[in-house]
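Enquirer: Chain by chain, the residues run as shown.
There are 2 protein chains.
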Amino acid sequence: MHFYIPVLTSLEEPQNTKTFKLTYNEIDYTNQRMIMKTKLVNNALNYYLENQSELRNELLDFLRIPSISTSEAHQPDILLAADFLVKKLTQLGFEKVISFPTANHPIVYAEKMVDPQKPTVLIYGHYDVQPTDPLDEWNSPPFEPQIEGEYLYARGSSDMKGQIWASVSALQSILRTTELPVNIKYILEGEEEIGSPSLEPFLKQNKALLSCDIVINPDGGMLAPDKPTLIYALRGMAYFELRVFGPSADLHSGLFGGVVDNPANVLSRLIGGMHDELGRVTLPGFYDRVREISPEESEELSKIEIDEEVYKAITGVPALGGEVGFQPVERIGARPTLDVNGLYAGFIEKGAKTIIPAYAMAKISTRLVPDQDPEDVEKGFRAYLEENAPESVRWELDLLSGAPAYLAEAEAPGVSFFIDALKQTWGVQPFRKREGGSIPVATSMKDILGVDSIITGFGLPDDQIHSPNERMHLPTHAKGVQTLIRFFLSF
Amino acid sequence: MHFYIPVLTSLEEPQNTKTFKLTYNEIDYTNQRMIMKTKLVNNALNYYLENQSELRNELLDFLRIPSISTSEAHQPDILLAADFLVKKLTQLGFEKVISFPTANHPIVYAEKMVDPQKPTVLIYGHYDVQPTDPLDEWNSPPFEPQIEGEYLYARGSSDMKGQIWASVSALQSILRTTELPVNIKYILEGEEEIGSPSLEPFLKQNKALLSCDIVINPDGGMLAPDKPTLIYALRGMAYFELRVFGPSADLHSGLFGGVVDNPANVLSRLIGGMHDELGRVTLPGFYDRVREISPEESEELSKIEIDEEVYKAITGVPALGGEVGFQPVERIGARPTLDVNGLYAGFIEKGAKTIIPAYAMAKISTRLVPDQDPEDVEKGFRAYLEENAPESVRWELDLLSGAPAYLAEAEAPGVSFFIDALKQTWGVQPFRKREGGSIPVATSMKDILGVDSIITGFGLPDDQIHSPNERMHLPTHAKGVQTLIRFFLSF
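Here the protein sequences come in this chain order: A and B. In terms of full-length UniProt numbering, the first sequence is residues 1 to 491. In terms of full-length UniProt numbering, the second sequence is residues 1 to 491.
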């Protein structure tokens, strides 16, 4: 992580701090500075208000490009979308606007360096979109954007061309009305929906080019239209395949049932024993390095107030489950879990076949929290199997992938500015949330570039991303642009 | 079951018993009877010795007919095989030789009624054979029989054209040298390898035609070349499909892991709890009606002396499993079991997908012993699920099929004769065995015709039935013919 003198000091007495330790309610806004800053923000906001239609029309053009990254047939569209961004960023006055070729789809890079002494924000985005099937469930063609009421319907509107456009709109509003007080870099990939295979190599090969102080990753989304959200933690993962082998071939369950242990029964028993009655994972040492949630954080998280009925409605389950003693947001974000992702043994077609299967297989993922280590989890898993698997079977365990959890430094550069910008725009205290999933991009940025990510975004849970009728809530999008204007002008 | 005056009495003083209560060591062989019987047996055995090659050549012709019942293309061959039997039985002097058409393949019926007052033996067999794939693993073409050393290689040689031919050879040897002292009926189906769909309807529609005192079912086989075997019990079955439903669609295991119970984990836990530490099934009431093995039967069964190393070698497992406190032959034949035949949930392809699956499924079969009832077992299963499934899932349980166990009456007509014939031929005490599987034909004969089956046969465990290079052990086959000659002449 880079340390630098906050830009604020240029408007005040020089300070001796070299880090952003300020939070929005600690900042001593002098009257003079307040007035200047407000003027700049208002000019930019006014610009956005006056040019909102034009910016939105440009977004519609961007959305018309069917940049589906999974599809060979859409390779030309991917290039069109990359080119669209190159043109727009060049037009905004960005420099070094480059479409880097990769093994698959190009990574668009651009920078606007106003002063090497000033901090640098790296904005991450992806211009590729999900496929559109089932196409007949769309109410309007996915690449012919439609505005209906408060919503803009199009593939990629929420995930995440609309998110890219929010930052573009905010930067245009600033650049056309004043000087940018912070360096901006863009990294916009075209492979997010196919697992970002080129991103890590690109980060590794271009560390100097990408050097920055903070990443804005607007691929996260908000809890609700009235709940601006900042994600400060992601769970890690250790994903396993466990295979239990019994007889050398499927056996007749009548002729051998009673003398040959059944690998499918054994596997079930092993999995059944991986949780105790409190819903805790029983793998040896699993909780040894789990950082407990502080009472303060628990209190903070409880503000999110997602009640159980909401989860039941979203998921369709008759009752919730999980570890006893923790609220749902903690169970998802701050507690590790163990889930079977797939199970297979023997005969699974329609009807009946009477066999003792030769083997049984389970895909088992553990979601990890700080400071759990995937390799420690694997060791614990092996110890569990050694202790609990009967001698009548052989087993094999593979760690298919592992990544530790991600926890942003609470005092990472710019975080307080971002929280403040959200609060000023929405008029409510933003929610700080731990996310249950992984965002590999954030982990890569931390591991390779050494910088934290502000994981945010102005998409909503019901935007139907990855599904038919993907949409973007226009008022929330506009608030997102305002937030970004305030954020960039905070420096 | 029919009762009748044993034919033996025609050679002795009339007896007042109407049942076969005799066992071989209780029979009071008078010298005169012994001499007569021995003469008849010797004549028949000599005939077999002299005509063995010719009979074998006929069997080779029978084996050349590729009567694969699963294959539409082999329908003409099925008819050829049925016709082959019709001709042979007619030639032997059988009457009412009929090839009954069914929905699929004909059932060949034939009878030789020497005296309606005498007992009737119904011989069951099937003239259809398994498919031959993988064909390239055969050392010689499956329908071009080859004799190598003591073995005859051909599809159907052991399962079970060779078994049919053993009784045909025995009966020809008797019919050409003396008078048959017992009525014989044949029922030879062509659908055994496809589950005998026409057999039960045929039995129901032809109860009078098929009336008999005992069934010989030589589809059972022997433990070893030096261990003539009689199977007196078969396990029954209750076969279930259990489905556990969680969320209405697969969920992201990161975003929901911790609040949504995973149906695959729940299913595993449920299955894991279906056995206790002693390997006993925990479904409520499961053992309530299990008939315990008497010390005498346990002692008798222990003579089979199949040691654990043999089971390990056959199955390839590193160690045996099963219920604590019972020997392997008891665990297979006389104790009920619960086995998972198939397991499915979520993602089972290569690689990783991070989901909480919407549902999980298991095929679970219980093998039942006397006097367990499949419907009771289903009730116990439901009670187990009601008690143990969490509220966070829904479950469905289907009983796919159910049949009680089969236990032949120890004093069923002819059993003692058969045991005696085996003993005289092999020179050792035959093994009486409980079989772990089901032979639905035996259960149907008992249920519909009310008669017990002598489940036997002269096939060996390493005959590779259902596999490439199926074979028949010629010396064992010859002993089988001798046994059957002795058996038929015992009446």
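Do not rely on the hints blindly, as some may be mistaken.
Listed next, the in silico DSSO-like pairs over lysine-lysine satisfying Cα-Cα at most 27 Å (straight line) [claimed, not checked]:
(1) B:Lys112 / B:Lys37
(2) B:Lys227 / A:Lys353
(3) B:Lys112 / A:Lys379
(4) B:Lys227 / B:Lys423
(5) A:Lys312 / B:Lys353
(6) B:Lys112 / B:Lys446
(7) A:Lys87 / A:Lys207
(8) A:Lys353 / B:Lys112
(9) B:Lys227 / B:Lys207
(10) B:Lys312 / A:Lys353
(11) A:Lys96 / A:Lys227
(12) B:Lys227 / B:Lys87
(13) A:Lys207 / A:Lys118
(14) A:Lys353 / B:Lys207
(15) A:Lys350 / B:Lys96
(16) A:Lys350 / B:Lys312
(17) A:Lys446 / B:Lys96
(18) B:Lys37 / A:Lys379
(19) A:Lys350 / A:Lys96
(20) A:Lys350 / B:Lys353
Keep in mind that the hints were calculated from the coordinates and are not lab data.
Enquirer: Determine for every hint whether it applies to the structure shown.
Expert: Hint by hint, here is what the structure shows:
1. B:Lys112 / B:Lys37: Holds, at about 21 Å.
2. B:Lys227 / A:Lys353: Violated: lysine 227 of chain B and lysine 353 of chain A sit about 30 Å apart, past 27 Å.
3. B:Lys112 / A:Lys379: violated, 73 Å
4. B:Lys227 / B:Lys423: Holds. Lysine 227 of chain B to lysine 423 of chain B sits at ~10 Å (cutoff 27 Å).
5. A:Lys312 / B:Lys353: holds, 23 Å
6. B:Lys112 / B:Lys446: Given that 27 Å is the threshold and the Cα spacing comes to 22 Å, the pair holds.
7. A:Lys87 / A:Lys207: Answer holds: lysine 87 of chain A to lysine 207 of chain A is near 24 Å, not above 27 Å.
8. A:Lys353 / B:Lys112: violated, 39 Å
9. B:Lys227 / B:Lys207: Not satisfied, since the Cα-Cα distance of roughly 35 Å exceeds 27 Å.
10. B:Lys312 / A:Lys353: Given pair lysine 312 of chain B, lysine 353 of chain A holds - Cα atoms ~23 Å apart, limit 27 Å.
11. A:Lys96 / A:Lys227: violated, 37 Å
12. B:Lys227 / B:Lys87: violated, 34 Å
13. A:Lys207 / A:Lys118: holds, 18 Å
14. A:Lys353 / B:Lys207: violated, 30 Å
15. A:Lys350 / B:Lys96: violated, 41 Å
16. A:Lys350 / B:Lys312: Given that 27 Å is the threshold and the Cα spacing comes to 31 Å, the pair is violated.
17. A:Lys446 / B:Lys96: violated, 88 Å
18. B:Lys37 / A:Lys379: It is violated: about 75 Å lies between the C-alpha atoms, which goes past 27 Å.
19. A:Lys350 / A:Lys96: violated, 60 Å
20. A:Lys350 / B:Lys353: holds, 25 Å
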